[in-house]
Every structure is written in C-alpha cells, then in structure tokens.
Amino acid sequence: MSTAVIVFPGVNCEHDVAHAVRALGGSADLVWHRDTDLSGFDGVILPGGFAHGDALRTGAIARFSPAMREVARMAAVGLPVLGICNGWQMLCESGLIPGAHIANRDLSFICRYEEVEVVDSGSILTRDCEPGQRLRIPLNSYEGSWVDPSHTGRIVLRYVGDPNGSQDRAAAVSNAAGNVVGVMPHPERATDELLGSTDGQVLLESFLHSLVPA
Amino acid sequence: MRVTVTIDRRPEIADPEGTTVLRALHELGFTEASSVRMDRVIHMDVVGADPSEVRSRVEDMCRQLLANPVLEDFTVEVEA
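As given, the protein sequences belong to chains A and B, one line each in that order.
Every letter in the first sequence is one number past the one before it in numbering that gives the first Met the number 0, and letter 129, counting from 1, is 128.
Every letter in the second sequence is one number past the one before it in numbering that gives the first Met the number 0, and letter 3, counting from 1, is 2.
Chain A with its partners taken away, still in its complex shape (with noise of 0.2 Å):
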C-alpha cells in the first residue's frame, strides 16, 4: 500500500515526510502537483512549507492544483487524507476541513517544540493513541491559529499551552469522518532520537495502519 506524498513548488518537507514514512515500513513516492492520475495511491499527505510562496493566503493557490482535485476524491471516498503545516492550510482553503487560518496571536514565527494532548482517538492520525496521551513535537509555523466560525471542526489533538492563539487550542482537526485530518506541528520531524523527540512515530504509525487496498 503506498501513500502519495505531493511536492507543490515552495513546500520544503516532502523528503522528512517520504523518509518517515519509509523509517515506519510504509511506501511513499514523492508526486507532482500536477500530475492528475492518483488511483495507484492508498493515501496521500500534503507536506509542510510554503507552497506558491504563500501568495494571497495559505494554500490559496495550490488548493486549485490539478492534483488536489484528486486529493478531494480521496477525501470523499474515505481513504486517508493528512495535511501537515501548510499542508493543513491547503485542506482548510480546499473546504475539505472547516475553518481556516490566521497569524500566530503573538506575531512570532514559532519553530520550536510543544506538547499535544490526544483529544479524539477516532481520526486517521490518532487512532493508535489513547485520548490523554500527551506527544511532544515540533511546531515551525507563523500562520499556525486555526479559526473555525462554524465550529464543526473535529479537534483530535490540542496543544497543552497556548502557544498562538489557535480556537480552543486546536492542534489537529479532522472532517467529520476522521478520514482527512490537518495538523499544525511536524510528527515527521519527531521520528527517531537524534531529532530529539520520537513521539511523532505513534502518529504517523495510526496514518499507516489506516491504510486500506484502494
């Protein structure tokens, strides 16, 4: 089973999230956001960065990428669908998850790492965790405040602090069905002890076990 993992122009995390993945057991191919054919794909992540330079808004334009049409089939036939960082502010622009995002509260690009406490263990990216189980990992965004006025946004992770102002402390929201989840802080770069952390195993492990032949 293998997970796509999309290289828009200006996203810079596509190989820690490929490499992960790989360290895990899983499969992951590196593919163009405009290639239009990802019927050969289990799953798919949108990796972190600054696609398109962040014109306009996050994601506002690689949302209109030829691939992320079949990201939103993915998304509508149940397969998992993770979005890291910018990868997040692409599913929000998308409508795939509620809500969007504005600057950290403080105006501070924050690159360091923060604890999340598992909210909801029913989502793509939490399903191995227990609620209550706290991670720590690293967080490298200045757009990183989730707002969603409509509140129907499923928050499975949320951050012990409140390091930018994110509605009630959202770290990672998924749609309704779990299937498409968004997440703010980096689980690929907390996967092995020379990074510091390997709490983001446990994460992308449940993104995996996810998985199902298409």
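Only true hints are included.
One side of the interface only, derived from the structure: several residues of chain B facing chain A at Cβ under 7 Å:
id	residue
1	Ile12
2	Pro15
3	Thr19
4	Asn67
5	Val69
6	Leu70
Since the hints were made in silico from the structure, they are not lab data.
This structure is a prediction, so every number in the text was calculated from the model and none was measured.
Backbone N, C-alpha and C define an ideal beta-carbon position, used for all residues, glycine too.
Given chain A, put chain B in place with the hints provided.
Leaving out everything else, chain B in the frame of chain A:
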C-alpha cells in the same frame, strides 16, 4: 477597466497585526486611534465593455480565489 477590490476580515475574526499596529500608534501618542484593521486592497485592470459584467466577473474571482469566505468579506468598485 480599473477595478478596486477590498477584502475585509470579518469583525469577529481576530486581527493580530491590526492589534499590534494599534498598540504602536498608542505608544506614539496617537491615543485617539481606537481600532485598526489590516484589510487588503487589490487593484486590477480588467478587459471589458460593460461595467456590470466586469463587476460580476470580479465578484466571481473573489468568491473563487481572492477572498476566503471563512474569514473575509469583499467589496468591488468598478471605475467606468
């Protein structure tokens, strides 16, 4: 035609940048400033002969790309 699009963040959505600018104005002694919102203005030239048709097309641009309906409202002014 010259078109001016104003993208306003909805009042209920926080604007950390506006808050920071307001604080800076107060520190400079401009205490009469009571609120600041950092909205976005887009100037465009659009080919077309009929102002109402141009407006309608630009409103479509706003709905599809220029404004995020979760956060923002927009107004379109067409200079005939």
